[in-house]
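Undergrad: With chain A held as given, fit chain B onto it using these hints.
Residue numbers (the numbering used here), protein chains in the order written: chain A, 124 to 552; chain B, 124 to 552.
In case anyone wonders, no lab produced these hints; they're calculated from the structure.
Only a predicted model underlies this, so the values are computations on that prediction, with no experimental measurement involved.
None of the hints are false.
Identical chains blur together in the list; that is why a pair holds if it fits in one copy or across any two.
Calculated pairs, PhoX-like style, for lysine-lysine (alpha carbon to alpha carbon, straight line, at most 25 Å):
#1 172 - 198
#2 508 - 231
#3 508 - 249
#4 173 - 202
There are 2 protein chains.
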Amino acid sequence: MRIPISDVTPECGRAEIAGWVHEVRDLGGLTFLLIRDRTGIIQVTIVKKKAPAEVLEAVKAVSRESVVRVAGTVKAIDKAPGGRELNPETFAIVSVAESPLPLDVVEKVPADLDTRLDARFLDVRKPRVAAVFKVRSTVTSATYDFLSQRGFFNIATPKVVAAATEGGTELFPIAYFEKEAFLNQSPQLYKQMMMAAGFEKVFEVGPIFRAEEHNTVRHLNEATSIDVEVSFADHNDVMVLLEDLVRHLYAAVDERCSDAIADLGVEFEVPKTPFPRLPYAEAIEIAAARIDEPIAYGDDLGTVSEKAIGEEMGEHYFITDWPTEIKPYYAMPYEDDPAICKAFDMMHPRMELSSGAQRVHQHDLLVEQIAAKGLNPDGFEFYLKPFRYGMPPHAGWGMGMERLIMTMLGLQNIREAVLFPRDRHRVVP
Amino acid sequence: MRIPISDVTPECGRAEIAGWVHEVRDLGGLTFLLIRDRTGIIQVTIVKKKAPAEVLEAVKAVSRESVVRVAGTVKAIDKAPGGRELNPETFAIVSVAESPLPLDVVEKVPADLDTRLDARFLDVRKPRVAAVFKVRSTVTSATYDFLSQRGFFNIATPKVVAAATEGGTELFPIAYFEKEAFLNQSPQLYKQMMMAAGFEKVFEVGPIFRAEEHNTVRHLNEATSIDVEVSFADHNDVMVLLEDLVRHLYAAVDERCSDAIADLGVEFEVPKTPFPRLPYAEAIEIAAARIDEPIAYGDDLGTVSEKAIGEEMGEHYFITDWPTEIKPYYAMPYEDDPAICKAFDMMHPRMELSSGAQRVHQHDLLVEQIAAKGLNPDGFEFYLKPFRYGMPPHAGWGMGMERLIMTMLGLQNIREAVLFPRDRHRVVP
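The following block holds chain A by itself, in its conformation from the complex (with noise of 0.2 Å):
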């Protein structure tokens, strides 16, 4: 019976592993080999006096990350890692690989990015890359325990729609039989109408497509969002709720990921809540006099600017009270003050890792607003139906999941965080 590398202690005895080759140093009357699982890396020592002969024959033949099997008696010795090392009895060759490899497991030869994700099934065998992904799983499941816990509801909403969330720019149109279709922009609408269905709280985590031509470093064409809505809560509730939410996927990854943060070698700390609050006007003050650019009130913020507003305030924080020219229609303006809305961001100094709202939930000023973005309100009937049969109150936020990721890791490129990215020019592997 094969165990897990990181199970294998002197205690043991016997044991047997499944891996692949990650190192072969051939000294003579001695090799080693490093052999690797997805819990660790362990010595397999051969004394060429005492080997069978099998069992020689074997590891001679053995290429770097060949998938092998090893059973053997597990020794206790200082220098190898985990302070032991297995001599083999039996050492079979399970699948071999081919040399030369197309890209360096062990990170002797830097590689670009664009190597590493043509061949990303290698890449991320290594400790560091494959790092990433625990941490991506671990949130993503994080994510279900804490909404869960709180009495959200997951739901699945279609990817495959008619209308566009936004107007109709930035959409990968589909040819869906007979009918025009796109992709999902977001799941904004359809968690809305989840609220006139009286379900209350909701989340998704799924996949969102935005058929933006820009290709950065914090862009995705595909991404993953995490999308909450909550019905009889306002903009400052679920602020509160997004907050004690990114606190505890941190908690989470710091309690059940430490080796994968110790081969990340990332400083990692839990923030702390609550963010502070800044409201958009002030924020314009700290952009105009910390950047040359002109910028004034009613402009959005670009790079430059949360980058300067980042520097003064630190980690996670929200910008809130935005221009309601600036934000989408469904954002709820002020009623003392229509001209600016309960729409926030949460920031990280490096970029914005939320947008949300209370949302507009009256069917005529909705119309007003929609129309106010110079959208045809006809093309949102499907939407704008539930507003006239009791919509709640209700608001929300979705969260790019590859951007938290990508902030909590100190990721240099969006696309670290996604096994297979798809961008301006990307769509294999």
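TA: What follows is chain B alone, placed relative to chain A:
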């Protein structure tokens, strides 16, 4: 502070609730309203002589399915739902519902499925319909729990892909910038690549897309798939995993969704494991003996055959040892009889719920099997490459979420297990 209706008891003394007006009965001196939120229903009783004038006015004006907020004193009363009623001191209409409603929420008037789906936000307000999605949410969360606890990583694989999993049919094409791309039919090839990546145990719960032309009660064009892949495992190992998961999911629903099960009025029993294993050759004999159509070894099993075999086998069983010729190229043939392969289907008497297999992990055999299906291996290079650099033996399966929910709850049409179904004719809402 609003509390959930299910938490309102006579011991509360005073309570504030918010929800939808489920029914209004005016008996002259008395008006009874039933108010519904996602946790339950409460009777609100207004004695006209005693109630404040503002309350009387609001109650007179309110329409069914409007959203209201009510505060008052709670009294024990035998005849009311939950043994208590609320006597309002304040009664505010939060959001008005137009009359007439496009759909009757109390189900006095039955509606056909198309009408229900057109007004899905009203349809799912029915406790019996909402119950389906409470169960589905529980099943999804419990899948994450179960697989995470067994050491599985969840992964997110791309939905926009350049190649078809099983050849060029049944694909939705996307206009992806200058490139040709498709919506993915299945994470099959990607989860197998993650085996080459050394992740060993992965799962994904996500959307799949099939451009099937037929419009039946068992098919969707966008569905949710639970996908699992395990390294160093064979078909028998992953059949045990699958039956354990199914039993666990039924048990989770049994434990956490008793209200929903009661609303649905279904008989619910947690299936016993192990599920029977029925070799394909025997399945064909059962079908041949029971149905009028001619059927012979080598034929695929149609609806009529599946039903006939199901009558003999009962709920949940595996059909194993399929002819290699009628299973996909990635199914592993038996070493001693390559005409039969290590593929299985998990059946419910009504339909196939899951397909799986030990996979071919040998590069050259895989190329041979792809060619044998009349496909060109050159189109699969991104997938084949990992098989040349240390691919471990592996096995896995995919299970349709909607079919699982449909059979679990005795639903007649698979569309009832989806909030916003996508079929041959429907992309709205």
